[in-house]
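Peer 1: One letter stands for each residue in the lines below.
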Amino acid sequence: MSQANNDDGLLQLLEDKQALRELNTLYARAADRADRALYDSLWAEGAQVEEGAFKGPASEFAATLLAPAGLERSFHSVSNEFFEVDGERARGEIYVINVATWNKDGGKTDTLIGGRYIDEYRKSGGQWKIARRSFVHEWNMSFPTTAVWDEGLFGMIKLRGQRSKDDPIYALYDGSRA
Amino acid sequence: MSAAARLQALADKQAIYDQMCRYIQAVDRCDLDLLKAVFHHDGSVIFGIFDGNAHAFCEYDIPFIKDNLIWAFHRIANVIIEVDGERATAESYMLGNAAAALPDGTRINCPDNMRYRDVWEKRDGVWKMLHRDLLMDWNACWPYAGRSDGEFAAYRLQGRRDREDLSYQAGLIA
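For the record, the sequence lines run as chains A and B.
Residue numbering for the first sequence follows the numbering used here, starting at 14 and increasing by one per position.
Residue numbering for the second sequence follows the numbering used here, starting at -4 and increasing by one per position.
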């Protein structure tokens, strides 16, 4: 917190924390929209990931996160974003609940997985990136899928999320990092 | 960028985030005036349940919620805002929990995961929505599992859809 000892340091700290929150939100967007270009823009050089059975470089984790067999949709909601910033480096803890629908073994299943990302970040070229991410599992639930898409109240909502650039959000954003 | 401009950028994003929370307050308390206050009068929405003028949507949405949802509870997360002068675009994740009654009277819990896709505009120093779309990502229909007996009977403070709700009593909503 040494940089917060004056007005400029305080402003910088607020900007850094906001940028780190946005970095985590963009990670969720990359995951849920299966956006490889966005995904690649989020990692520091040589970044490492540990999540479930995977342990290795972020570049190899892309296939696990963005295109796992049988995944129909995912929704990584993040909250409780907590950061400690020290100059060009930072650490963070992020709560996440991922709600996903899987279509395999002849049926559809919804899984809810709650956990935390324990992260290290690095700032390079003025941009914060993830240098190390470890997912700590806390709880999970599995249910047969009961989603309603074509009837009742939910059936009225015609705009739907897509795991591609066809998602409506890309009408507002070109998908690159600001 | 000057310190003043950097401070303004932070303040703009915070102001939009606060308005996003206002929107949720309005929907969950069924407060029509509060809901209208987060949209410009000439704003628009595409919600599926209603597409068109934003204030007409507000008039439609509050009775719609009361008629169709026994209770509703919305959270926002993953808020990302890009400000360009007096305009901003935003995406936010919404995690809804609600109870509804099927035509035969059976109650269900119907959680949903949706996103809001917005265009915001600052007029006279106040950020309000010029456009909001609702995108659906997931939902579920589970047997209603709420209880009001035993330990749950102890919750004497209960969320309400009127000005008796504690958020009004505490002065958080005018």
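Possibly wrong hints are sitting among the right ones.
[Claimed, not checked] FRET-style restraints, in silico, Cβ to Cβ: (1) B:9 with A:185: 30 to 38 angstroms; (2) A:185 with B:165: 32 to 40 angstroms; (3) A:68 with B:46: 22 to 30 angstroms.
[As the list claims (entries may be wrong)] Simulated crosslink set (DSS-like; lysine-lysine; CA at most 30 angstroms straight-line): (4) A:142 with A:178; (5) A:30 with B:117; (6) A:30 with A:117; (7) B:31 with B:61; (8) B:123 with A:117; (9) A:136 with A:171; (10) B:123 with B:31; (11) A:30 with B:61; (12) B:31 with B:117; (13) A:68 with A:171; (14) A:178 with A:136; (15) A:178 with B:123; (16) A:171 with A:142; (17) B:123 with B:61; (18) A:136 with A:68; (19) A:171 with B:117; (20) A:30 with A:136; (21) B:31 with A:136; (22) B:31 with A:142; (23) A:117 with A:68; (24) A:178 with A:121; (25) A:178 with B:117.
In short, the hints are calculated from the structure, not lab data.
Backbone N, C-alpha and C define an ideal beta-carbon position, used for all residues, glycine too.
Peer 1: Take the hints in turn and mark each one as holding or not.
Peer 2: Evaluation of the provided hints:
At about 20 angstroms, the CB distance of residue 9 (chain B) to residue 185 (chain A) disagrees with the hint of 30 to 38 angstroms. Between residue 185 (chain A) and residue 165 (chain B) the Cβ separation comes to about 35 angstroms, which falls inside the hinted range of 32 to 40 angstroms. The hinted window of 22 to 30 angstroms between residue 68 (chain A) and residue 46 (chain B) is violated, with their beta carbons roughly 47 angstroms apart. A C-alpha spacing of about 23 angstroms is found between residue 142 (chain A) and residue 178 (chain A), which places the hinted pair at or below 30 angstroms, so the restraint holds.
A hinted pair counts as satisfied when its Cα atoms are at most 30 angstroms apart, and residue 30 (chain A) with residue 117 (chain B) qualifies at roughly 24 angstroms. Proposed proximity of residue 30 (chain A) and residue 117 (chain A) is contradicted: the alpha carbons are some 40 angstroms apart, above 30 angstroms. At most 30 angstroms may separate the alpha-carbon atoms for a hinted pair to count; residue 31 (chain B) and residue 61 (chain B) meet this at roughly 17 angstroms. Simply put, residue 123 (chain B) and residue 117 (chain A) have alpha-carbon atoms about 44 angstroms apart, too far for the 30 angstroms limit, and the pair is violated.
In summary, the hint linking residue 136 (chain A) to residue 171 (chain A) is not supported, as the alpha carbons are separated by about 40 angstroms, beyond the 30 angstroms threshold. In summary, the hint linking residue 123 (chain B) to residue 31 (chain B) is supported, as the alpha carbons are separated by about 10 angstroms, within the 30 angstroms threshold. With a CA separation close to 39 angstroms, the supplied pair residue 30 (chain A) and residue 61 (chain B) exceeds the 30 angstroms bound. The straight-line distance between the Cα atoms of residue 31 (chain B) and residue 117 (chain B) is roughly 15 angstroms, inside the 30 angstroms bound, and the hint therefore holds.
With a C-alpha separation of about 39 angstroms, the suggested pairing of residue 68 (chain A) with residue 171 (chain A) is violated against the 30 angstroms cut-off. A hinted pair counts as satisfied when its Cα atoms are at most 30 angstroms apart, and residue 178 (chain A) with residue 136 (chain A) qualifies at roughly 28 angstroms. A C-alpha spacing of about 28 angstroms is found between residue 178 (chain A) and residue 123 (chain B), which places the hinted pair at or below 30 angstroms, so the restraint holds. For the hint pairing residue 171 (chain A) with residue 142 (chain A), the CA-to-CA distance comes to about 35 angstroms; that exceeds 30 angstroms, so the pair is violated.
A distance of roughly 24 angstroms separates the Cα atoms of residue 123 (chain B) and residue 61 (chain B); the hinted pair therefore holds under the 30 angstroms criterion. Only pairs whose Cα atoms come within 30 angstroms are accepted, and residue 136 (chain A) paired with residue 68 (chain A) is accepted, the gap being roughly 23 angstroms. The suggested pairing of residue 171 (chain A) with residue 117 (chain B) holds, with an alpha-carbon distance near 29 angstroms, which does not exceed 30 angstroms. At most 30 angstroms may separate the alpha-carbon atoms for a hinted pair to count; residue 30 (chain A) and residue 136 (chain A) meet this at roughly 12 angstroms.
Our distance criterion of 30 angstroms between C-alpha atoms is broken by residue 31 (chain B) and residue 136 (chain A), whose separation comes to about 41 angstroms. In summary, the hint linking residue 31 (chain B) to residue 142 (chain A) is not supported, as the alpha carbons are separated by about 39 angstroms, beyond the 30 angstroms threshold. This hinted pair checks out: residue 117 (chain A) and residue 68 (chain A) have alpha carbons roughly 24 angstroms apart, not beyond 30 angstroms. Between the alpha carbons of residue 178 (chain A) and residue 121 (chain A) the distance comes to roughly 24 angstroms, so the proposed pair stays at or under 30 angstroms and holds.
For the hint linking residue 178 (chain A) to residue 117 (chain B), the alpha-carbon distance of about 29 angstroms falls within 30 angstroms, and the restraint holds.
In the structure shown, a violation is registered for the earlier hints numbered 1, 3, 6, 8, 9, 11, 13, 16, 21, 22, in ascending order.
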